[in-house]
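J.: Construct the entire structure; sequences and hints are all you get.
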Amino acid sequence: MTEPDAVSGVDGAAKQAGRGANEEGEGTIRRVTEPDAVSGVDGAAKQAGRGANEEGEGTIRRVTEAKHHEVRQTTTRTITLEVTRYRPGQDSAPVLESFDVPLMDDWAVLDGLNYIKDQLDGTLSFRWSCRMGICGSCGMNVNGEPRLTCGTFFTEFGDGPIRIEPLKGFPIIRDLVVEVDDFLDKLRHVKPWLIREGEELPLTTEHAQTPAQLEAYKQYSMCINCMLCYSACPVYVLDPDFLGPAAIALAQRYELDSRDMGDRFDMLNLDEAVWGCTFVGECTKVCPKHVDPAEAIQRYKVTAAMRSILPWSRR
Amino acid sequence: MTTAYRPPRDHAWFLRNRNYTVFVARELTSVFVAWAIVFLMIVIDAVLNGGDPAAFAGQPWVIALNVVALAATTFHAVTFLNLAPTATVIRLDGYRLPAWMIQGGNHSAWLLISAVIAYFVLRTP
Amino acid sequence: MIDVLIVGGGGAGLRAAIAVAEADPELSVAVVSKVYPMRSHTVSAEGGAAGVIAAGDSLDEHCYDTVSGGDWLCDQDAVEAFVAEAPRELIQLEHWGCPWSREADGRVAVRPFGGMKRERTWYAADKTGFHLLHTLFQTTMKYGEIRRYDEWYVTKLIVDDGRVHGVVAVEIRTGHIETIAARTVILATGGCGRVFPFTTNAAIKTGDGMALAYRAGAPLKDMEFIQYHPTGLPFTGILITEAARAEGGWLINKDGYRYLQDYDLGKPTEKPKLRSMELGPRDRLSQAFVHEQRRGRTVETPYGPVVYLDLRHLGERKIDARIPFVRELCRSYQNLDPATDLIPVRPVVHYVMGGVHTDLDGATPIAGLYAAGETACVSINGANRLGSNSLPEILVFGRRAGTAAAAFAQAHRQAEPPAVHAQGEDERRRLERAREGNHGGDRIADLRERMQHTLEGAAGIYRTGAELAKAVDTLAELRERADGARMDDTSATFNTELINLQELHTMLDVAQTIAACALNRRESRGAHQRTDYEARDDREFLAHSLVYRAPDGAPSVGLLPVTITRWPPGERVYGRD
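Residue numbers (the working numbering), protein chains in the order written: chain A, 6 to 320; chain B, 75 to 199; chain C, 278 to 854.
Everything labelled a hint here was simulated from the structure, so no lab data went into it. Hints may be right or wrong, so weigh each one.
Claimed, not checked - Quick list of in silico lysine-lysine cross-link-like pairs, DSS-like style, CA-CA up to 25 Å: (1) C:K595 with A:K223; (2) C:K550 with C:K595; (3) C:K394 with C:K550; (4) A:K196 with A:K294; (5) A:K223 with A:K294; (6) A:K196 with C:K419; (7) C:K550 with A:K294; (8) C:K531 with C:K544; (9) C:K394 with C:K531; (10) A:K223 with C:K419; (11) A:K306 with A:K290.
As the list claims (entries may be wrong) - Where chain A lies over chain C, by a calculated footprint (3+ residues, C-beta under 8 Å): (12) 408-416; (13) 484-498; (14) 829-842.
Said to hold, decoys possible - Using C-beta positions, here's what the derived DEER-type ranges look like: (15) A:L275 with C:L837: 26 to 32 Å; (16) B:L166 with C:N612: 34 to 40 Å; (17) B:F154 with C:Y534: 22 to 28 Å; (18) C:D337 with A:E277: 38 to 44 Å; (19) B:L166 with C:L613: 31 to 37 Å.
C-beta: ideal position from N, C-alpha, C; glycine also.
T.: Written out as structure tokens, the structure is:
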């Protein structure tokens, strides 16, 4: 930019908002957290919108990167997204920032975030990839509920605002990005692979498995590792040592597979594993793939109890 | 690098979500389950040692407490039985038994056992 | 020093990693991926994986289907190796736990697929890629020697004296820039569908590996061949799998007419017929759509013209059993139920047949550098890939590249040359400069969008020389502007704007090669249709396009003869008995 102080465009507005934050200091709300407070962020965001407007040709050219069509925002309604911002080193705690984005009927929350990233504030950080509910990247808390943002549509929220926060229960790396390495360690711990003994079949022959045997574990194999269940689980949020819904469901996926010869009893029959579960059941409610981890856990409780009462019984 | 922000522990977590609140309420009904056992032991003790169980049980506060306890334990039992299908998956010839059948079976068994007990308790000797 | 460094954690990369670990547990192997491996785009593959297993099928028939489907641009030695090894790889996946759909007696089930003369497509309902990727990923956890660099973005290959020596990568989470020395590098970053505006591809598919190799001096091959899948949901571009048609779905125009019968694809039948009508190859189906549109027989929607995919006659039970994900996607993302409603669809960019030029072991002309999967072009897909060939491809050639790289690393044990450090430092400075921010210039999103529309306009289903020539110039201009693109994010932690900027550069490099190759190929073949050169020209163009990066950064295109073993070029016949 040639004139650094001229508040033209989004950048100036964002900077102004940033400066405001610094001056306000810790403890005060940077930018806007209350929908009715018009100053602060909201103002900045609006200013940003106007800035972009001036840059364009009369109307704001709005193009979502994924969507291949232009949204002429002349009379279009807008909706406010209140988005968590957290920049380590700059912010001592996360704050909410408001952005006005076009209220399009077929937009998902993720489209709104991409609109912000592409047109209003390039510094917003979040994960996404497939936008078809299968890669598991874009889980966030939407109005307090863990959701896949690619499959959560504006139409659900009327005129808004919509509050978008990082998944609860995980350390926040930045903005909407959380740390999920803990899950991968746990997943590895339950040996999520087919355990076989003895000689392997040659690569010309498959193991036979009837549709009923497939059905016995199939549901638990549908987990996309999106972390919504961990975020919804109060046990995990209070005690990060809890093995957690998805890891146990995936352990069950192999335990119930007719081809598996392993035994995961020692890693599942623990206070931090299935017995840590108090059966709140929220994991199952939020699961976008109907894996029903709560069921996986309760079923293993029964298995483990039988094994303890009847020590000679093997699965 | 440990720059990640770790939110402080939320001590009122069970108020953040209606389902959490219901869950905690259900957990609290366990107290009344415990009371029911204590009450039973007091009554048995009175019977075995020649006391009058009715005198204890007839006190207004005990009656009041037991009414509440009955409601709480019934709630606990009903929700418990309703959750059972989640722990027991029954497949018949590839067809998974729907939840309502298992729940229905549980409730029927419960009623039957209750009826049998009631028969022995209430029959006039 | 790492023995085998794999860039990309999708199906090809993970299969390669396991191959290395199994070849020699003493070798150090690392998977560097810009997303957690289970997020890779392999996860989105739906329909299935082809491998000859059924009685009555033969390797030769799979070869012929593949070669004719690819309009004779496939290297037939590669196709033969691929077809022979595909069943073995699919069984290997079965041994690792992949939940393949089964017949009543417990054998693996197969389904028909577009352009295939026999039923040979293995499937896990219609989430085949998802199950394949998660099976591979979870199986890699068994191998302690496979080290993962999750959410690291590779920005440069270090090449000295014709040999690869490692990569420079950014740890996205911390912003830490590291030179990772390696004896061999396997590129497995997937395709580049995101260079187009309307694509089934995930956001991460930005052609990174192709650009890395291209900049390092390796040639890309057949980049002009872009596959349009005939059935994408309008607006989102979400894929509705070919399996929907294999299970009996019909494509109908606005009059309810099964229009494919007008385009030399056979006569409509009640039950799906192999290599006919809706089970024709993707290039021909997408081209038929354009003709329907020109005849005014498509339906206008706010998101462009569509035709309909009709699954209603399949009934709820079959849909739920065979293609449940189709129903799930339609309900969640299109607000309709395929059991009772027509699904609006239109052609959508799905796959790039081209990629880094490799031999049958995935080796590129740069010593120690390999490529596998959609990033690579071996080539088995020729001018048009058949549906369900790409999943076995990532397995067969992932394994081959892994094995070959392991052997190379065992044979070449010397220490790193000093050039590694110097090149690494240069790249670090470049990235640090980018991260200082730039408050002028164009928005990344605006440049990306210009690039996408330029390419769609010129290198879509039908192309002309004049438009392509213009696109070559526009893309060159955009590439210059991208150097001065605006960067607001100066943070070290999870700076996605920095990554987006690097991806914009890789996409522009790849986009240029697509336009240049398409301009150079003055014929029509498979997915490359030139309205100014409507016929296939085997005399001049029975050859691969090979594109190098000239010293000035512009693409320079040459030709490389196709390998023909047993199937001389012939006519592509579909639906005619």
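J.: Decide, hint by hint, whether the structure agrees.
T.: Results of checking the hints against the structure:
1. C:K595 with A:K223: holds (18 Å)
2. C:K550 with C:K595: holds (18 Å)
3. C:K394 with C:K550: Measuring from Cα to Cα gives roughly 9 Å; hence the hint holds.
4. A:K196 with A:K294: Between K196 (chain A) and K294 (chain A) the Cα gap is close to 22 Å, so the pair holds against 25 Å.
5. A:K223 with A:K294: holds (12 Å)
6. A:K196 with C:K419: holds (7 Å)
7. C:K550 with A:K294: Violated. K550 (chain C) to K294 (chain A) sits at ~33 Å, over the 25 Å cutoff.
8. C:K531 with C:K544: holds (19 Å)
9. C:K394 with C:K531: violated (30 Å)
10. A:K223 with C:K419: The given pair, whose Cα atoms are some 21 Å apart, holds under the 25 Å limit.
11. A:K306 with A:K290: Roughly 20 Å between the alpha carbons, so the hint for K306 (chain A) and K290 (chain A) holds.
12. 408-416: Per the Cβ count (4), the hint holds.
13. 484-498: With 0 residues in contact (Cβ-Cβ under 8 Å with chain A), the coverage given for the stretch 484-498 of chain C is violated.
14. 829-842: violated (count 0)
15. A:L275 with C:L837: 26 to 32 Å: Given range 26 to 32 Å: violated, Cβ gap about 60 Å.
16. B:L166 with C:N612: 34 to 40 Å: holds (36 Å)
17. B:F154 with C:Y534: 22 to 28 Å: For Y534 (chain C) against F154 (chain B), whose Cβ atoms are near 59 Å apart, the range 22 to 28 Å is violated.
18. C:D337 with A:E277: 38 to 44 Å: violated (56 Å)
19. B:L166 with C:L613: 31 to 37 Å: holds (34 Å)
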